[in-house]
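Novice: Here is what each chain is made of, one letter per residue.
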Amino acid sequence: MAKRQVMFTFPQERVKEPIIYNLGQQFKVVTNIRRADVTEAKGWVVLELEGDEKDIERGLAWVSSKGIRVDPVIGDIVEG
Amino acid sequence: MSYARALRCRKCGQEYPVQPMSVCEFCLSPLEVVYDYKAMAKTVNRDKVAKGPLSMWRYRDFLPTEVKEIDLGTGFTPLVKADNLGREIGLDRLYIKNDCLNPTYSFKDRPVSVAVTKAREFGFDTIACASTGNLAASVAAHAAKANMKACVFVPASVEPGKLIGIAVYNPVLMTVEGSYDDVNRLCALLVQRYHWGFVNINLRPYYAEGSKTLGYEVAEQLGWRAPDCVVAPAASGLMFTRIWKALDELSMLGLIEPANTHMFVAQAAGSSPIVNAFEAGSLHVLPVVPDTIAKSIAIGNPTDGQYALRIARQTGGGAGAVTDEEVLAGMKLLAQTEGIFAEAVGGVVVGVVKKLAASGAIKRNDLTVAYITGAGPRTQDTVADVVRPLVVRPTVESVEEVLGVPA
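Residue numbers (the working numbering), protein chains in the order written: chain F, 1 to 80; chain V, 1001 to 1407.
A couple of the hints might just be wrong.
Calculated lysine to any residue pairs in the SDA-like style (CA-CA distance at most 25 Å, straight line) [as the list claims (entries may be wrong)]:
{"id": "1", "chain 1": "F", "residue 1": "3", "chain 2": "V", "residue 2": "1011"}
{"id": "2", "chain 1": "V", "residue 1": "1363", "chain 2": "V", "residue 2": "1257"}
{"id": "3", "chain 1": "F", "residue 1": "3", "chain 2": "V", "residue 2": "1384"}
{"id": "4", "chain 1": "F", "residue 1": "54", "chain 2": "V", "residue 2": "1177"}
{"id": "5", "chain 1": "V", "residue 1": "1363", "chain 2": "V", "residue 2": "1313"}
{"id": "6", "chain 1": "F", "residue 1": "42", "chain 2": "V", "residue 2": "1245"}
{"id": "7", "chain 1": "F", "residue 1": "54", "chain 2": "V", "residue 2": "1190"}
{"id": "8", "chain 1": "F", "residue 1": "3", "chain 2": "V", "residue 2": "1195"}
{"id": "9", "chain 1": "V", "residue 1": "1011", "chain 2": "F", "residue 2": "48"}
{"id": "10", "chain 1": "V", "residue 1": "1011", "chain 2": "F", "residue 2": "9"}
{"id": "11", "chain 1": "F", "residue 1": "66", "chain 2": "V", "residue 2": "1257"}
{"id": "12", "chain 1": "F", "residue 1": "3", "chain 2": "V", "residue 2": "1025"}
{"id": "13", "chain 1": "F", "residue 1": "66", "chain 2": "F", "residue 2": "25"}
{"id": "14", "chain 1": "F", "residue 1": "16", "chain 2": "F", "residue 2": "1"}
{"id": "15", "chain 1": "F", "residue 1": "66", "chain 2": "V", "residue 2": "1017"}
{"id": "16", "chain 1": "V", "residue 1": "1245", "chain 2": "V", "residue 2": "1395"}
{"id": "17", "chain 1": "F", "residue 1": "66", "chain 2": "V", "residue 2": "1363"}
Calculated from the structure, these hints are not laboratory results.
Required output: the full structure, derived from the provided sequences and hints.
Specialist: Take a look at the structure:
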């Protein structure tokens, strides 16, 4: 089992969708929310994902395809 | 020995022993080094610092390392009074901290020197990073000096010219096919799998502390006082927070009067998530997709963005961004008034100082320090349009003709 710590940033049009629930259901990824701030206009959620490496990859690709930005929680690693 | 006592979460306050680790296990927020300041206060004083080496390591007592430092001779760079530039933009007491003059030509040598020293202490034999230039060069150079292995990852899109300044130190250099985000994701995975010291991932809390020396040095060079205003660039926001931490520590330890410095963040308009948040009055820094010629600070999702933001607000400072045109103009202005050829980030800082002075956010008489953090030659093509030579034949007449000397 692999673990991945990520931040999702939701645009307004996706705030109402149960993305995290579907990520768990469709891709068999355990989602564990640690911090979040969601309003009617936007939202971000910091969470830990646990599951099969391939399932996590496929799940994150699906989340990205929904227009949600996915970032590592440690922020951008590539520096100048 | 050092006075480092623990790692502490910046968000929830959870503490961890000193170890290679950068994110809180509970809330996944960044960790920072905390010190036993009571013990530190008994040892540190101005005289002791003044007797130290003419490098960043004169502030060894304030840094979290236990073993002999891995040092290329970094730091104690000049703080120059910028009278010409100040006259141009309306500031009477403008100073430039010229950190172009480090061994690998940028301020990155400061955090990397601490991170690599700590890597050795933790028993790593390989140090690693992902970078588009300055950081990779610094990591590779320190690895060479330390007889350690370096493994550096560079997005394949980086200009070939930049690779020379990295490859010359002979690291394992990998160009990663894929986007900038792909490189981010790859490195986040590698750090879990390999026992490597990634300077800005698992060594990040220690790496960060090296940048404090930018604050200590300025205070000492000003005759042990804090500036009225600081303007510094922000990419991840880490360096910005550590300049403030340094001034705060010096005040707390009684080496300077309480710091009342206004801290200003400088970013390029094409990558300004911290400035956006400041202007929107937001507490959260929303990621952006960077698009600017100031590549060294093109970070869309800044790890320490919200902490840099908080410092800018709490100190009565601010935040400013400039367009790429203003960046180029700033680079040229700095070179042509003060003789300092900085990379594009220097143009960002000069452009933002100019704006802040024009708006009155920085007053004419404020003692202002602008941090210039990297040298221009590595990316000199940015300003290639300055080359407009007068072409002459090898005769005196020809020279006089182009100079307009009357015959």
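Novice: All the hints need checking, so say for each whether the structure fits it.
Specialist: A quick look at each hint next to the structure:
1. 3(F) / 1011(V): holds (22 Å)
2. 1363(V) / 1257(V): holds (21 Å)
3. 3(F) / 1384(V): violated (47 Å)
4. 54(F) / 1177(V): holds (20 Å)
5. 1363(V) / 1313(V): holds (18 Å)
6. 42(F) / 1245(V): violated (32 Å)
7. 54(F) / 1190(V): Satisfied, since the Cα-Cα distance of roughly 16 Å is no more than 25 Å.
8. 3(F) / 1195(V): Roughly 17 Å between the alpha carbons, so the hint for residue 3(F) and residue 1195(V) holds.
9. 1011(V) / 48(F): With a Cα-Cα distance of about 17 Å, the restraint between residue 1011(V) and residue 48(F) holds, given a limit of 25 Å.
10. 1011(V) / 9(F): Holds: residue 1011(V) and residue 9(F) sit about 19 Å apart, inside 25 Å.
11. 66(F) / 1257(V): violated (53 Å)
12. 3(F) / 1025(V): Given pair residue 3(F), residue 1025(V) holds - Cα atoms ~12 Å apart, limit 25 Å.
13. 66(F) / 25(F): Holds. Residue 66(F) to residue 25(F) sits at ~16 Å (cutoff 25 Å).
14. 16(F) / 1(F): violated (30 Å)
15. 66(F) / 1017(V): Roughly 40 Å between the alpha carbons, so the hint for residue 66(F) and residue 1017(V) is violated.
16. 1245(V) / 1395(V): Violated, at roughly 60 Å.
17. 66(F) / 1363(V): violated (48 Å)
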